[in-house]
Each structure stands twice: as structure tokens, then as C-alpha cells.
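K.L.:
Residues per chain, in single letters:
There are 2 protein chains.
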Amino acid sequence: MASDPRACMMRGAMADQNPLLSDRDVDFQLYEVGDARELCRLPAFAEHSGETFDLFLRSARSLARGLLFAAYRPMDAEPPRFVDGRIEVHPAMRAIWAQMAELGVLGATRPYAVGGQQLPRTVAIMAEAYLMAANLGAYGYAGLTSGAAHLIEAFGDAWLKDQFMRRMYAGEWTGTMALTEPQAGSSLGDITTRATLAEDGSYRVTGHKIFISAGDHDLTENVVHMTLARLDGAPPGVKGISLVAVPRRRFAADGVTLEDNDVSTAGMIHKIGWKGLPSLVINFGERGDCRGWLVGEPHQGLSYMFQMMNEARIMVGVNGIATASVAYHEAVRYARERRQGRPPGARNPQAPQVPIVAHADVRRMLLRQKAIVEGGLALLVQVARYSDLAEHAPEPAVRQRNQRLLDLLTPVAKSFPAERGFESNALALQVHGGYGYSSEYLPEAWLRDQKLNSIHEGTTGIHGLDLLGRRVFADGAFVALADEFKAAIADARTVALPVVWIEQFELAIATIATLTVELARRGQAGEAEFMVRHSADYLDLFSTLCIAWQWLRQATVAARALQAANTDDRNFYEGKLCAAQYWFATELPRIDHLVRLCQEGEDSYARMQPDWF
Amino acid sequence: MASDPRACMMRGAMADQNPLLSDRDVDFQLYEVGDARELCRLPAFAEHSGETFDLFLRSARSLARGLLFAAYRPMDAEPPRFVDGRIEVHPAMRAIWAQMAELGVLGATRPYAVGGQQLPRTVAIMAEAYLMAANLGAYGYAGLTSGAAHLIEAFGDAWLKDQFMRRMYAGEWTGTMALTEPQAGSSLGDITTRATLAEDGSYRVTGHKIFISAGDHDLTENVVHMTLARLDGAPPGVKGISLVAVPRRRFAADGVTLEDNDVSTAGMIHKIGWKGLPSLVINFGERGDCRGWLVGEPHQGLSYMFQMMNEARIMVGVNGIATASVAYHEAVRYARERRQGRPPGARNPQAPQVPIVAHADVRRMLLRQKAIVEGGLALLVQVARYSDLAEHAPEPAVRQRNQRLLDLLTPVAKSFPAERGFESNALALQVHGGYGYSSEYLPEAWLRDQKLNSIHEGTTGIHGLDLLGRRVFADGAFVALADEFKAAIADARTVALPVVWIEQFELAIATIATLTVELARRGQAGEAEFMVRHSADYLDLFSTLCIAWQWLRQATVAARALQAANTDDRNFYEGKLCAAQYWFATELPRIDHLVRLCQEGEDSYARMQPDWF
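Going down the list, the protein sequences come from chains A and B. Going by this note's numbering, the first residue of the first sequence is number 297, and it counts up by one from there. Going by this note's numbering, the first residue of the second sequence is number 297, and it counts up by one from there.
Mixed in with the good hints, there may be bad ones.
Stated by the list, open to error - On the chain B side, residues computed to face chain A include the following (Cβ under 8 Å):
{"no.": "1", "residue": "I568"}
{"no.": "2", "residue": "Y733"}
{"no.": "3", "residue": "Y901"}
I should point out that these hints are in silico values taken from the structure, not numbers from a laboratory. Here a beta-carbon is modelled for each residue, glycine too, at the ideal position from N, C-alpha and C.
Hey, can you work out the whole structure from these sequences and the hints?
P.N.:
Shown next, in the form of C-alpha cells:
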């Protein structure tokens, strides 16, 4: 460390060496632990190969490490501006948007027929992870547009596909998800935005939405809001919600020119992270002239949204891991470079100071981050594979089984990265010491970015209730997952791993299975409140088990490959085995206590009254 | 919740109802669990009474809830500016500084002889907690000045006391702690700032310091930097560090006029929180004309600093709890007001939505915050009492015993509020949902403020090493603490508390005692690395035990008072019992696993190599 303090403060800017994700680990997850190339046997992916996968990944990496990462700090420092009713985004976004569209990010997993690249999700999420790690806000425009277009692709009519979807996948227009209203955050059944059928077959839309990401900008000529609204006469609650596509500008009578569609921006929310992406209050129909087009059938809006929700939630999981990953790599680099102090017991105060990675407690913080980041990434790859098979396997039974696994694991894939990722990001800041507390260094920005992930697309609390109130009891789901666990155990037994890991893992599975059956019994006996009381703890223990599973799989491959490996690979595999050990020793044993809380239905917060706080 | 989204966004500004801390709880901690009035029996506090305590507390509360809290958001939004080499702070600080000085915050605990109020620390920390909860950055100027003046009071000569200290306690000048240098963050032995004796008996100081809070401002005419420096010929390392008082401006030859002392501000660090308080890079002697005055004996600087360090560390603990407290109260209020969703199993989608405090998982998040905030506050009151007795008890044996307890608990009192406080602040944000993610609401600001507390005055990692490497083995310390635990147990047995809490607590004490003896044996056998390997886990388990002790004490008082209480008090005591239950059920059992990690010396991060990350 140079002794000029100003030089020190500049080191935070030298982030160009940050790999965002470890390429070696991405290869390991896709091709050594996973079998991504095998997906090419599916008819949908027949035109792909390891080469086309890698080509896409290399392009995404390069775009991420170049344009996106370079713009991250400026975009964080200069958020969009709300000027004369319109949103102006950071100028760097223009080139980024063009390049993301050019790369084909918008339709990466979509069929050739709609202009997509028909790539497996397994591969696509890795490319997206690089882009997110580089610049979460910048990627947001693409993720939202892709999701919005996908809704039309899945449920819209030919006109909507031709007029809206095509332009969105091509990057000519962007899209949003317009769900939330001020009085209806997590409670979508309470939305009040209205859509009234007009003579021309379109709908007149009135209402206001809040937290609409990328709801306006100056990147493209139009924005399509995939809007939840009530048609006239709709039943109350979630059964009366329809999906309406509401463009900011609509085609004029000539069918070519775009004219104003009475969609206005009422305000911008000052988010604490994802600053490149505006979050807006949007009003529809202030002048009574806002037109929307129904997507699919009336009153099916929430069901359509939920069919896309798994996808969106997995994307949140990728956000979480990507954001933890870039901070982890920054912390590793800092810990190797920053010299501070001497080993315990060193007696010579004039001996050179050591890099802080030499201190065991710093390595503890780094290894914990590694265990979270790489364990979480492994789970996401696993879940993406289930998604690919659920959608594209030729055999109905295979599709069904994979859909069950996907459904069961989605709350974990969404929440684990959000919750543990936040902890991981806080550790990356802590490794940087006082420098980490300044905005000259990046860890604080990633910590801010990360915090959204436990809130959007369903809070962690809601995912806990979803898992324990519904998904874990879905027909055949738990059994299918247990079979996956067994396969991992069988493979682990073929290599030299500590037997105690396998025993511990088997015991944890059995314990959690017993607990789950017992809670189901409680639920059936009318004790629903008891059943879900510790849903947060259940989500935690279930997630901890799933990540142990992923560390067992990674450790198995690492142990098998270690003997024949060269030096770099040996280092890589040893690191994997250390992180697996950390998870089995430090995290997995925590579940016993959590199981007890669920089993006993500890009732402190259940009986706590509002007036007692 | 109003349905106009702009109205919704304004609710964040309605924070005037936030009590900062619960007055009821402050009274409970001081006078029901604690016996603050008994301190008046000590000669030092003979002129005080419950009335003078309450008068001071009321004044501090009023200042905190008025001027300080009103300025919090503006000061967070408009940090100090660095203009033409000088720092300009927020204009609101001028009145705040005057009022804090007027209130006597600067010398609250100091003797009448130096212009202080000679209040017990037990009472002073409560007053300070209100001020910190209202505006951590604003209070910072006072805390630093007080600490700096106290160093001169304790170790300086008559001239320094008359010229510097007197003006500092009076609020005419401010003070700083100038320890850190770029190449010597946590490793103070590596500082290089020099002080060379001049013919006039003062020293010529050269060097640069970083992270100097309140190192410059436009509030008062002068700033005194309590600076660690090396005298010529000083031994290397920590044994060659002296304490030098270096004012920004010195008296000219006339002894009255202030002239420039060659202390310059080289830069401002953009901290992510505590934004009202500038953090600076300070250069001494760029023109070779910076004079400093030695405080105490040569080469004793670090020892002087460490004598003040307990005080500073407890203040960090109070920062942590205060910052968690204000956010907790904001979250409780929000959860009672914000309507969202319906109880599980509710079938009518048109029934009114319920306040989110009706959802068990929201109460879980609130109760966890309560357990952390009030458990931490109780520990701080306890530790402050030890401090009062260590300093002012007439009997040497009593002083010694209390000093031991204070020394042993200081790492816990500093780190628990920082670590769990951060978690608590994150939960307060989470309770606010999407609104919590915006800077229109305050929880995100408090989360940023809190993060510093795990870094400054020794990182959490360093406190773990300090506790397990030294303090827990100090002569008689653990035994004294065990006696305190026993007294709490004896008292708890006299009321109707669940027997299982007491059994659990006793078992935890025994387990930790056994572990500690075993680790001491390892250390004596030359296995120092093994001994301290899990110092972070040891700090965690030790803290968890100490907070259980504080919850047992609080529950005992609550259970005793419950029967005869009126409605408000019943609610209060029931809340205490619920929070105690939460801690015993949810937190205390975690220690078994942590004890095993320490005992077995789990070695994943110990053997992890830098190249394996």
C-alpha cells in the first residue's frame, strides 16, 4: 500500500481486474458438475453445442467486463433524472442497450421463431450472471423487456406478437411488469387499476402503479407495460385480475406513426441501489385516453403472471449471486494486496506487514463468501437445468418431474441468494475495513444493490410461506428431490470424501423429511397457523440442506479430479473441498436447532401482541 | 394507506413521532432492573439523585427529539463540503453544537473540577443514546471532543489542561482522535508520523493521518488532534508511540491570538453513513511548522489510548444500539399502520386489509429487533455500572472486581450492538418492504450508519481475538462474571419464570466455562493458533450468553411486577417476557454448535490457502 493517502483512496477505482464471476468456476459448474452439453440432445437445443454455448458466454463476459462494468460506478453516482415529465437515463446506457440487444440477451432462451437464440436456460443464466455482476441496473432493462415479451409470446394473440413482442425482443421497444399499487404491494388481490372494453376492441385503462422499473427512459421510442388490471364486472380478489398490455405510445390511425397513449410518469422513487434503473410511479388514463390490449383471457392475469414468476424469481436469485460474486472477488483481491499487521505471535515489529489474507479471520470471511456464492450458483444451475428439462424434454413424465423440482426449489433459489448474499456482501465490505465504508470503493454499492433482492418478486417472508404452506407438500415434489439427493450421495460414495459429510447429509434429509410429514399432519388437523409459524426457519433449514447438496456434488467432482490435476486446477479443487468442508461443518449442523423450533412451534412471536412492542 | 402514491411516499417524512428509544424501557433499565439511584451513595455522585438524573435525561431527550432528529435527514442528504482547503458542515450543526455544549454533554461524566457534571456513566450513556439515535453524525462531534479532552484530563500537564482541555469541555474548541495512517489501519505499531523536540519544548510534527472524524469544520475556532506519533529515537512498534496534542491553530506570540499551525486537510472521505460528520485526510507539517505538545510521558501513547479505549468502545456499542433502536421504533410504527393482506386462511377478498403487524412473520422480525435492541441496551447499562464502580467505588477490591468485569465485557458491549444491530437495522428496512428500499424512508440511512460500528474502534475480528486471546483469561475475570450470572439465577428462582430458561442458562455457563478452560490449556500447550481459530464464533457464543443473562434479569423483574401492573405496564412486561422467551428459545441454543466448532478447531479456513480462493 502506497503511503500517500490520496493514492490509497484511488485503489477503489482499479476495479478493472475484477472477473465478476470466476470463469474457471463457471466451466466447472456447467461442464464438470453439470452436463450442459448433454442438453444438446434435446430437440430444442439440437443446433447447439459446447462451442455455441461458449461463444455466447464469451461475448457476454466481454460485454460485461467492458462496457457494463465501466459504466457501473458512473450510473450509480448519476441516477436517472426526471425532467419535464420524462425520464433521462445515464448516457452510457444507450451503447449498453444496443450491445445487449445485439448480443441477443433479450431472446437468449426464446425460440428461433420469435427471433430468439433458443439457448438452454442453464447457459443463459450464466451469461446473465456476468452482466448482472457488472451492472445490475443496466441489465435490468433487458431482463424486464425479456420477461414482458415472454408474457405476450406465451399468452398474447398474433396481433400483439407482431406489433409488440417482435419489437421488444429486437430491442426496439422495452417492457415492464406493472403489478404493484400503493395500497396493494404484496397483496395483488387488492389492485384497483381498471380496464374498460371500448368499441374498437381495446380497453380504456385508468389507475396508478408504483415501483415500475424502467417505466420510462430515453433509450427507445416506446415502453410496453404488462399491467394487472380489473375488467368491468370482474370478481373481487385475485380471481378478477386481467393482464393488459399498455404501451406508452400507440400507433396512430395511419398504423405507422406513434402517438401519445396517456401514460404519464408521476414520480421517481429514490432507490438506494440499482440506481441505473429508474423506479417510477406511473399513471394510466389521466385524460381518459389510455388504451390497453387484453393479453389472453379475461381474469387470468394473475395465473399468467405466476406462470412467468418462476422465471422471474430465478432471475432474482441470479441477481443475488452475481452481486455477491463481484463483491467476493473484490474482497479476495483486496485481501491479497492489502498489507496490515503480522501473524499472531510475531515478535519483530519491523518485519514487513503481511497481506491480510494471512489472517485466519479474514480467510473465514472470504471462505464464507465463497461458500455462499459458489453454493448458490450451483443451485441456480441445477434449477435452470430442471427448467430446461421441464420445458423441453420430449417425455411428459420427465417434464413433469422436472417441473416439480423446479417448483419446489424456486423459493430457495430466490431467497437464499438474497438473504445470504446480503450477508456475503456485508462481509466483502468488512474485509475492506474503513475503506469499505467509503463510496470511493465499490463494496458498499453492491451491498445496497443486494438489499432489494429480499423484497422484490415476493419478500423472503412470502417465500417461506409459499414453501412451507404449499410447495413442499406438492404431489411428488419432496420425493423427487430426495431422489436427487440420493443420486448425489451415491456418486459421493465413489470418491474419497469424509464419510461424516455423507452421514450428516443423510441424517439431515431424514430429519427434515420427518419434520415435513409432521407439519403436514398438523396442517391437515386444522393447525395451519402452527404449521407455518416457523416458515422463515423452515426456509432457512431447507435452503441450508439444498446448498449442502450442491457442495456435496461439487466436492465429489473436485475429489475425483484432484489427483490428476495440474497446479492451477489443484488450487481450484482444493478450494472447492475447503468450502464444502466449511458448509458441512459450519452451516449444516445449524439445522438441528431450526428443526426443533419448527417442531415445537416455539410461540414467542405468535403470541406477541401489537401493543407489547 | 392513502391511495395517492405521492402521499404514500411522503409518509417517510412523518418521523416526528419516533421516540428514538422507549422512555418506558429506559426507566425500566435504569431503575427497575438496575439500581441507578443507588449510585448516589458513592461519594462521587453524592450531589446527585434520581431527580437530577431525570432532569438530564429529559433535557437530552428533548434536544434529541427536537433539533437533532429534525436535522438528521438534511444532514444525511447534504454532507460537509470541502471548499478551498476547509470543511463546511451543515448549517444546522451550529445550533446543535451550541445546544449540546449547553446541555453539558461534553463533560457529562467528568468531575465538577473540570467543568463537568459528574454524572454516573450509567445515566450519561442513556442520554447519549437518545442523541445518537436522533443523529449519530451530529453527536459525533461531542463524543470525539469529550474523548479527546478526557485524554488531556487524564494524562496532560497543567498547561495543556488550562489551554486545551478547558476550552474543549466548554465547547469552544473540538477534538479528534488522530490514530490511523494509510499504511497502519488496525496495526498501530506501524504508524510513521514523527514528532521532533524543538527548543521551546514543543514538538515539530510531520505526517499524515486518515479517517480523522471531525478533523476540520466551521463550528468552532479550533480543533485539537490527539495524535499518535513517534519521537526521534523511539523504539519500533507499539512501544515507541507517543501521544501529542496538535491543534489546528496555535496561540501566537501574544498568547491570545490564534495563528495557523500548519495542519491541512488533504481530502475528504465519502463515508456511506454518519454523513453529518466529515472524515478527513489530515497532513501535519507540510511547511515544517506544525507544533504539537507531548501528553504525558514519551512512548506511552498507546497505553494512554488504551486506557481510554474501553470508554470509546462502549460508546460504539451505544451507537449500535441507538441506531438499531430508532429503526426498530420506526418499523413497529410502520407495521401497526401499514395495511396489507389478510390473515392466512381468510376467504373474503373484500374484507379490509389488516395491519402487517398481524402477520406472524412480521412480528418475528419486530421481536427479533426488540430482543437485540433491549438486550443490548441492558448489557450496556450493566457495563456502564461496572465502569462507574470501577472508577468511583471507595473500596479497592470493589473497584478491581468491577474493572475486571468491565474489561471482560467490553468486546461484547462493542461488537454485539455492531453485528446484531446491523442485522436488526436490515430487518427494519425489510419490514418497510419496497418503501424501505427508497431514500424517502429512513431505515436505509440507519442501516448505512450502523455498518461503521463493526469497523471503527477495532473491527469485530479484532475484538474476537482480544476476547479469546486475552481478556477471558485475565485473572479472576471469568469467575467474577460467573458470580454475576449466579446472582441473576438466584433472583430468577424467586419468581415464576420457566424453569427451563434457568436450566438452559446454567448449562450454557458450564459449557462455556469448560470450553474456555480447554482453550486456555491449548494455548498454554503452545497451540495458540488453535486456541484463537474460532475467535469469531467464541465472541458470538459469549455475546449470546451475556445477552441471555440480561434477558433473564429483565424477565425476572417483569415477572415480579406483572401481577400488580396496570394495563400499559402489563403490555410492557408481557413484551419483555416474550422477548426473553425468544432469546432463550431461538438464540441461546445456537451456542452448542458454536462451542463444538471452537472445541474441535474446525480447520477449513485455517488451512485455506490464498491461491485456493
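K.L.:
Tell me the numbers of any earlier hints that the structure contravenes, in ascending order.
P.N.:
Checked against the structure, no hint fails, so every one of them is satisfied.
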